[in-house]
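Protein chains in written order, with numbering that gives the first Met the number 0: chain A, 0 to 372; chain V, 0 to 372.
No wet-lab data here; the hints were simulated from the structure.
There could be a bad hint or two in this list.
As the list makes no split between identical chains, a pair holds if one copy fits it or if it spans any two.
[What the hints assert, rightly or not] Within a straight-line C-alpha distance of at most 20 Å, the following computed SDA-like cross-link-like pairs (lysine to any residue) qualify:
#1 Lys107 / Ile326
#2 Lys311 / Arg275
#3 Lys311 / Gly88
#4 Lys324 / Arg68
#5 Lys311 / Asp181
There are 2 protein chains.
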Amino acid sequence: MAIDFRVTHTDASTSARLGVLTLSRGVEVATPAFMPVGTKGAVKSLSPDEVRGLGYGMILCNAYHLYLRPGHELIRRLGGLHRFMNWNGGILTDSGGYQIFSLAALRKVTAEGVEFRSHVDGSTHFFTPEKSIEVQASLGCDIAVCLDDVVGYPVEKSSAIAAVQRTTEWAKRCVATQKRVDPPLFGIVQGSTFPDLRTQSAEALVSLELDGYAIGGLSVGEPTEEMLQVLETTAPLLPRHLPRYLMGVGTPLDILDAVVRGIDLFDCVLPTRNARNGMLFTSNGRINIRNARYRDDARPVDPECGCALCSKYSRSYLRHLFQEKEIYAHRLASIHNLSYYSNAMRDIRNAIAAGTLSTLYTRFQAETEERDD
Amino acid sequence: MAIDFRVTHTDASTSARLGVLTLSRGVEVATPAFMPVGTKGAVKSLSPDEVRGLGYGMILCNAYHLYLRPGHELIRRLGGLHRFMNWNGGILTDSGGYQIFSLAALRKVTAEGVEFRSHVDGSTHFFTPEKSIEVQASLGCDIAVCLDDVVGYPVEKSSAIAAVQRTTEWAKRCVATQKRVDPPLFGIVQGSTFPDLRTQSAEALVSLELDGYAIGGLSVGEPTEEMLQVLETTAPLLPRHLPRYLMGVGTPLDILDAVVRGIDLFDCVLPTRNARNGMLFTSNGRINIRNARYRDDARPVDPECGCALCSKYSRSYLRHLFQEKEIYAHRLASIHNLSYYSNAMRDIRNAIAAGTLSTLYTRFQAETEERDD
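Whole structure, please, built from the sequences with the hints as guidance.
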């Protein structure tokens, strides 16, 4: 299986670029693109039709979670993840590296792979690069990523060196095990915030001729400036004709910061997780709808937004639903934030085409600020 | 404001009848009809469009809950409950009598009204018949009901007598306070399972010339046979040209049992609450989708159902969503059970028209049984 990626336009004054990513199932995704997160085979609270209707052609699911429950073999038997969750867009699966890293004390990394205990039932599992590819292929994802060895921030350089070496070795094994029918495979550049290690990691992975490149190990606590420095070091080392994917980032401002440094793909739980906590992005800054000031507020959450929340409901109603712990609050807030992100990505693409990214930067800065508390 | 109710057909061998209830906002509801419950201004997990799309023209909301939070005055200021929750169908509001009854030790009933402590924050409130009408009118419901004094089961006859007398007195005060612009008002027949008290209550309320009649105080623990006996006693005493509403009932079989005794309107949390617990009605009986036997089951929940769940997803996927506590499980299960109820009501109406209610009875008996555990 293969993907096709065409860079259709490059910004004159930044490294931003427009592209079209075509997946083997025929889905075309205009880049820069954001992928909503559907960790366990559902974008929390939303239907696939709603996610597609918001303009998303691709989502991220987590191989780690689906391996544990309901199991990749079960999903394969039932016709693959797309059919299982009734999603006809693209699916990129995370390898599980980051999730296993998050287990901290529950994991043990060796050269062979990583032994970990399930966060669900404490049972012991062993993930190898080969196993990760098998799991992702069983799910039938459109893009798989190599199992990587993730370190936190800050980290001793010696640990970062070891993690880069292991990530490289594991990527080689992923490539070696990949069959012709398996999904296209992205490598994940590691190296924490050390420029020489990022360079080393990128060069080693590029030599493996993967189908695309992810930049991992960021948004783990490092200052934004350091993250951007890593992107400036790393992105230029990645093949211009292949998609570049920044994992787990971020606010619309973070995304714009990464786009101008040459990144094409993003995923983040931020819009959906924040939505479930009542935090909403608006054209006038971030607000928390649970705030008492919205109790009696007849206005829509964002008067400039045309989503199913803002076109039909008041701030007062949404706050009421949150106060009463009504599930419908999560739906409406998730739709709104994903609508905001979809519009932000469209605006980014339009601004690249028009050469007006700098004006967008000012706007995103203002809109990312908290306004009500 | 007024409602219009026309009985269009009466069954030859039972007291079942077909009718059309037209609300002042122009909504027409074919009866017998079931009203999904939207206690706090939302049918849990579902959008108004989904509820309408399932064939429901009318829902029930609870004046008690909305009075406490966000407050009926707030909802009135924001244009009424229909606008607040973006529902263009009909709304019948419960008076709060039953909810206050459910507070048990937290309430104190006097001739004047009922003092109770909020289940939300423990604050003290005083509900009177007049206050209940004010609250329901502020919400802008299409049909209001009188504040009633509800007793449990079993109950001493002396208590049931007192409750009937109080319910009658309170109904008189509701009628006296009702203004021309206020919603149409239903009385609630009480009297526990005592035929003489039910008769006394019905006759007293009928003399008040209300816009319709509810039968309350049932489904509070009494055997089904006793409930049906009450319906047989009570329904014939109610005006034939007005709607009859059995509050808080029940399974499809209970509903059919009540329809043949002359009931037109129903509400119940059963389809939606059970859905959130994984209990689904199917053409082959009730199942609990969380049961391990569905782990690997590629079939739809009900192969004979065409709802958004059954047309798109496997039992395995829905079980997975429940296992993972994904909110989307609640949406899909609620849609399915409300689709089942909507179809059941349509089948009841068709069977009345065709004179084939008895065959439906056998089917509903089978479908109400649990099949998997």
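Hint check, failures only
1, 5
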